[in-house]
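For chain A, the structure is supplied; the task is to place chain B on it using the hints.
Protein chains: 2
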Amino acid sequence: MRARPRFPVEPWQVREPDLDPDWLAEAESTFALSNGHIGLRGNLDEGDPSGMPGTYLNSFHEEYDLDYPESGYAFPERGQTVVNAPNGKLVRLFVDDEPFDVRTGTLRHHQRILDLRAGTLCRTVEWVSPAGTAIRLRSTRLVSLTRPAVAAVDYEVTAVDRPVRLRIESDLLADEDMPRRADDPRAATTLTAPLTAVRHRAGRTGGLLLHRTRRSRLPVASVVDHAVTGPDGVTCATTARPDRVRTTVTADLSPGATVRIRKLLGYAWATTAAADAEPLDALCAEATAAVDDARAAGWDALVAEQRARLDDFWDVADVELEGDPEVQQAVRFDLFHVLQSGARAGVAPIPAKGLTGNGYDGHVLWDTESFVLPVLTYTCPEAVRGALRWRHANLPVARDRARELRLAGAAFPWRTIAGSECSGYWPAGTAALHINADIADAVLRYVGATGDEEFYRGPGLDLLVETARLWRYVGRYDDEGGFHLDGVTGPDEYTAVVDDNLFTNVMARRNLRAAADAADRHPDRAAELGVDRHETAAWRAAAAAMHLPYDDKRGVHQQAAGFTRLAEWDFAGTDADDYPLLLHFPYFELYRKQVVKQADVVLAMLCCGESFSPAEKARNFAYYEQRTVRDSSLSASSQAVLAAEVGHLELAHDYLAESALQDLRNLGDKTGDGLHVASLAGAWTALVMGFGGLRDHDGTLSFAPRLPSHLPALRFSVAWRGLRLRVAVTAGTDGTSAGSVTYRVDGGGPDASVDLCHHGEPLTVSAARPVTRPVPPPAGPGAEPPAPPGRAPTRRRDVLDHLLAADRGD
Amino acid sequence: MRARPRFPVEPWQVREPDLDPDWLAEAESTFALSNGHIGLRGNLDEGDPSGMPGTYLNSFHEEYDLDYPESGYAFPERGQTVVNAPNGKLVRLFVDDEPFDVRTGTLRHHQRILDLRAGTLCRTVEWVSPAGTAIRLRSTRLVSLTRPAVAAVDYEVTAVDRPVRLRIESDLLADEDMPRRADDPRAATTLTAPLTAVRHRAGRTGGLLLHRTRRSRLPVASVVDHAVTGPDGVTCATTARPDRVRTTVTADLSPGATVRIRKLLGYAWATTAAADAEPLDALCAEATAAVDDARAAGWDALVAEQRARLDDFWDVADVELEGDPEVQQAVRFDLFHVLQSGARAGVAPIPAKGLTGNGYDGHVLWDTESFVLPVLTYTCPEAVRGALRWRHANLPVARDRARELRLAGAAFPWRTIAGSECSGYWPAGTAALHINADIADAVLRYVGATGDEEFYRGPGLDLLVETARLWRYVGRYDDEGGFHLDGVTGPDEYTAVVDDNLFTNVMARRNLRAAADAADRHPDRAAELGVDRHETAAWRAAAAAMHLPYDDKRGVHQQAAGFTRLAEWDFAGTDADDYPLLLHFPYFELYRKQVVKQADVVLAMLCCGESFSPAEKARNFAYYEQRTVRDSSLSASSQAVLAAEVGHLELAHDYLAESALQDLRNLGDKTGDGLHVASLAGAWTALVMGFGGLRDHDGTLSFAPRLPSHLPALRFSVAWRGLRLRVAVTAGTDGTSAGSVTYRVDGGGPDASVDLCHHGEPLTVSAARPVTRPVPPPAGPGAEPPAPPGRAPTRRRDVLDHLLAADRGD
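As given, the protein sequences belong to chains A and B, one line each in that order.
Going from the first sequence to the numbering used here is simple: count from 1 and add 4.
Going from the second sequence to the numbering used here is simple: count from 1 and add 4.
If you are wondering where the hints come from, they were derived from the structure by calculation, not from laboratory data.
All C-beta atoms in this analysis are idealised placements derived from N, C-alpha and C, irrespective of residue type, glycine included.
Worth double-checking, as some hints may not be accurate.
What the hints assert, rightly or not - Taking lysine to aspartate or glutamate and the EDC-like style, the derived pairs with C-alpha atoms no more than 20 Å apart in a straight line are: (1) B:LYS557 x A:ASP483; (2) B:LYS557 x B:ASP581; (3) A:LYS557 x A:GLU539; (4) B:LYS557 x A:GLU572; (5) B:LYS557 x B:GLU620; (6) A:LYS557 x B:ASP483; (7) A:LYS557 x B:GLU484; (8) A:LYS557 x A:ASP483; (9) B:LYS557 x A:GLU620; (10) A:LYS557 x B:ASP482.
As the list claims (entries may be wrong) - Residues from chain A that keep clear of chain B, each with C-beta distances beyond 10 Å, as calculated: (11) ARG205; (12) ALA300; (13) SER427; (14) LEU587; (15) ALA626; (16) ASP700; (17) ALA708; (18) ALA809.
So here's chain A without its partners, still in its complex pose (with noise of 0.2 Å):
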């Protein structure tokens, strides 16, 4: 028996229809609200019980010692962590004085609904107090997409049978009480009180905190406002103290009557610290006029606006996929969630878990490039310029970095929020200089796909040199004249500081290339870098001199040099318990062994599938499947896609549903900590790039859907260069056919056009004409290749036929 989903299948909506202790952690998460700028966890208005409280600024960090027990050169010597900004969710309700808590008294009701089109987190409760006294609550939260600075709460409690008295208090609180976080080395540094107050301020309905973190000196400036409405009698005052601004609401309700609080906040916060009182000032000024904007526009302004962004993202976003429901609304609240990470103006980071928790100390990875910004770059291409020209700003930060390693270029941090490196642990965070590459091509793809020459030359340009000379200052030519990247750790943290990973030299065979592309593009911003014409004669002859290691006798690639030949990991002799493995063997045992976290070599064929033939392709997903254990999030997406190429199309919605349903399904048990974005995003890779086929290597869009018969249709949009393609894929209905596809261009004027490939055939497709193609049959993938004993994802076909009986009420 498969136990009941926690939330119901519904298409637009995630909905949690009652209140499970056990769950809070994960709901916080699921329910997180961000604008990419503000992110608010879903924690309960009144605060307790919690999971986690979480009200996290994009950037707004603590510094931190990281002390080592043997230091080492360059051993990065402090850390950053996000922390909790003052949090202005707070709602605390008291009835007849008893305080509303879920956790007594008697809940009649409670449900809480994220909606994906709304973009609103909206909670219903009926409660009964331990006295006696029923009310009903109302709360619906909104973080505004259209205002960087804005968040708001409308709170409307109801009387139900009897005459009560109210008094709610509405907090802005600063350093609010943490719990300890686990012994786990992928969970948060759990810093306690970080702020200190400088400022606090009060009026009749709202006030001001001003906080400086203690170490770092960022000062972060929080404004509360309320509009009161209710019966007469009711009265509404505010106090404030240096660390909380408290309004009180009381009123008397009889049965029926509601009093109602639309709670405005504004956040304006430095990622720098500021010294002066001048840049205070300002900061004040900001988030007060943040929340004065918003109250002239009024509540359903933000709500309308709210809904605009919605709309317009979901128009190129959306991905319909007809006979999974289930999977149906995971991409969709996976989609939602890449949205509200990384879409948004400015120039700011898009951390590993967005702003919905502290996991991983809410460091920005590689997650960023090589997971979000794909997505990103066909769904919301101005996302992309802001995370990448935050990549841009962090230049100098990586050159010093490069230095201090005493290499050249750019070394971008593996892990960071504000652009130094906070990697504790070198071989699986300084050595993985892929970060390098897979920035590049970020940058690459993104002028591709929006044509953006402005950037390309100029962030574009400096981010793709910088990187560049890294990998010729790293690389060496062996006697026959090999080029090799020795001593890096690749995507597989499994394995760590080794020769000529694949997927690393690949990549940076792309970056060398691209960097004297865009040097010969713009010779003179080159020549701004020092670049001169035997550079770029130097990163080609690099590039048409790397090595990618074979093992001939196996007949595919080697992850990194040697890695075919070491000894197999005991599958058999290992228990399901001792997954992940990294928490039950040694780094010693995991990197002399052929066993792999998470896609590297099927990463590499995804990325730079032009760099595989077919048949390479097909043997190399075979020998690494069978020894990829997954225990990354990172991983079941890319699987996906290659499945899918390869033929084997049912494993690809496995592993597609993998992804999705990673958070919504909380299945890697660290939903809690906050969402895995990356795997979000890979829920659109998975039916994008993988049934979609869509691939843009060398800046060529092209396709090459196909879908399993049990999956009836595809339906997606890509943003290319101002225009949207929308690809309509069906399936094949018999044995005879193999489906077909529809492309049609929209957006642009009835010229406008896409050049793209079909399956390798060229076509172009322009507004006026849609055009639609056959699906060639398959090529007999041969046998579905087994994942280690105990590690193949849920079969999603068997998942589907189970829901089917169910639902007929088998």
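Relative to chain A, chain B alone:
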């Protein structure tokens, strides 16, 4: 110009003719006294000024948390660090109420002499107080080599030219103030006030302190007593408080009169926590008894016993080298400290710094088995038995560690005090599995040299079997049947986590064979350990199939698989200030290049010379010589031995001198943290295994002596199965002769004989029949291979020429 050595060149002592305030810590290490149980740094009697106060008791330590920025499975969570035991060296002098302090008044004379035959540190001072009162002070300090629990100070003050009122405060002081340590990964963890007081007691002339370490709960009882002689009116009284016993002596001296205090110290401690009162009482009684016994014997007896013990040691351990008096002095100084560190009764470890400082946190590393025990095996074999029994006592911990690492057999710790792994950086700690083979090798050598069958059958067999089990588990067979050890770290710490480290593989091969041999010889004992014929067969098969990485093209062995194809280090672009490289380059750079911190292939050729042909040795030596930077003090002695073996006798002399003078000349600027006992032992190794050509592969004693023409003679002895084999080598005096060697046997009856090989010729030498043989003329070794630019050892012949010229007054 070469600076005048700090200590004049004198054959049997180390004399410091004056006090250098910039050399305090170095002198404290140099003048440290120890009997392997108690270690007293050469702090001034009065305590101040000091570089680092130090009173150490073998294995007496405190625990602390090892915190990691990013932890991992089986990362050690608790460290151990040596702590300062109650300091009984302190004798403070007040001259007419003015404290004697070398920094005040006038220091007319200050000399310290470490007498290498007497085993005492003698200090003479003439000091004039700021008020103009002159005194003479003479103190002699001794840590008894025959009484493990006893140290003593003979302290004598004489009035010079006017009457003087003296007060002498002689302390036993717990938790004295410690300076903060520098920020260097090799420095120690300082714990402030690690002791808690349990008991204190005073009599008239002394008292007792009982303490416990705060966290590890190890108890220590310290007892002090004084015998005071002086003119009439001398008083003596003692007070005790929880952290101090103070005996105050007052005397009024007329000019020429003397007061003398003979202070006795007794220590008793436990190396495991004791909760009950009973063991504490026993410790107090033990320390008291030690002092009582020493007092009964009297000071002169202590001095005589010390002398007798050293006479016996020098009879077998002394190495006489003609032609280099500076090295002659150094090798005696070195051997004296090797004796002090290792040559004591009982089951106890030999830390890397002995008991001379808190560098490396007082940890025991592979230094013991690989560098110190080979010397002690031939000079003081009973000490080897004790050190190996200590490893055996920790076998249960090593078995647990192997299980924790999910390996088999035993995994001995890379660094420890009490037996558990304390390494906080696993790539250069836990991954250095060769420690297992190093221990096995030490067992083999000890058994071979002593014929101690009882040890072989008992602890020896246990150690051989459990260490071998690890290798079988770690190794893997390749498709062609080769046996590989992947992902380990060898001696060279500038590479880590490599496949098939040559040293590890040849040593593990020996380990596997030795375990099988031992099990065959003692099948009943082996059966108790569960060893059957299948297991011994598997060990022999793995040994026979052991892969030794070799580069056919370059004609050299590879330090590890692929090593010789790594990028070369840019020595030309490396500044002199960039050494040691680990403080100026990240591991990322070091690991992926052909730069060698310390002898690795060269050490393999020393330890397992039978595995290499003479031509291979010559080629390997030349190849690695050019890539070895000697950033570790462990390197020079091995290089000396192999340089001698392949015929570069001048170079061997250079490396000999570097090893011998490491601490006496503070060559690495680290002597202040404690002596490098392995490097000190290396002086003997360089002489006896280098110029003497001693080898013991497969239990066969062989010699291949050969001296450079500028070193006329070398004489040394070897303890061999209860006998003392005397070897006297003379250099060739003209171009036609390569010199000769005489072998003689001492210590048995007239029929006692030793079988040995002389330059490949089997000989039997009996007490009655010494054998003299010519040294065969050398094969032409070719040109001396260069060290990396700027890293060549000092050319010893130039130094000698310079010294000679200086002696001639040039």
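Hint by hint, here is what the structure shows:
A hinted pair counts as satisfied when its Cα atoms are at most 20 Å apart, and B:LYS557 with A:ASP483 qualifies at roughly 11 Å. The hinted pair formed by B:LYS557 and B:ASP581 fails the criterion: a straight-line CA distance of about 35 Å is larger than 20 Å. Distance hint between A:LYS557 and A:GLU539 is unfulfilled; the C-alpha atoms sit about 37 Å from each other, more than 20 Å. The straight-line distance between the Cα atoms of B:LYS557 and A:GLU572 is roughly 30 Å, outside the 20 Å bound, and the hint therefore fails.
In summary, the hint linking B:LYS557 to B:GLU620 is supported, as the alpha carbons are separated by about 13 Å, within the 20 Å threshold. Taken as a hint, the A:LYS557 and B:ASP483 pair is honoured in the structure, with Cα atoms around 11 Å apart against an allowance of 20 Å. Note on A:LYS557 and B:GLU484: the hinted pairing holds, with a Cα-Cα distance of about 12 Å set against a maximum of 20 Å. A threshold of 20 Å between alpha carbons decides the hint, and for A:LYS557 with A:ASP483 the separation of about 23 Å lies outside it, so the pair is violated.
For the given pair, B:LYS557 sits about 31 Å from A:GLU620 by alpha-carbon distance, which is inconsistent with the 20 Å threshold. In summary, the hint linking A:LYS557 to B:ASP482 is supported, as the alpha carbons are separated by about 13 Å, within the 20 Å threshold. The beta carbon of A:ARG205 is kept farther than 10 Å from every beta carbon of chain B, the shortest such distance being approximately 39 Å. For A:ALA300, the non-interface assignment is confirmed: its Cβ lies about 47 Å from the closest Cβ of chain B, beyond the 10 Å cut-off.
Taking the minimum C-beta to C-beta distance to chain B, about 7 Å, the non-interface status of A:SER427 is violated against the 10 Å cut. Not every CB of chain B lies more than 10 Å from the CB of A:LEU587, the least distance being 6 Å, so the non-interface label is violated. For A:ALA626, the shortest C-beta to C-beta distance to chain B comes to about 19 Å, beyond the 10 Å cut-off, and the non-interface label holds. Listed as a non-interface residue, A:ASP700 keeps its Cβ farther than 10 Å from every Cβ of chain B; the least gap is roughly 32 Å.
A cut-off of 10 Å between C-beta atoms confirms that A:ALA708 is not in contact with chain B; the least separation is 37 Å. Listed as outside the interface, A:ALA809 is consistent with that label: its C-beta sits roughly 42 Å from the nearest C-beta of chain B, beyond the 10 Å cut-off.
Against the hints set out earlier in the document, violations occur for numbers 2, 3, 4, 8, 9, 13 and 14.
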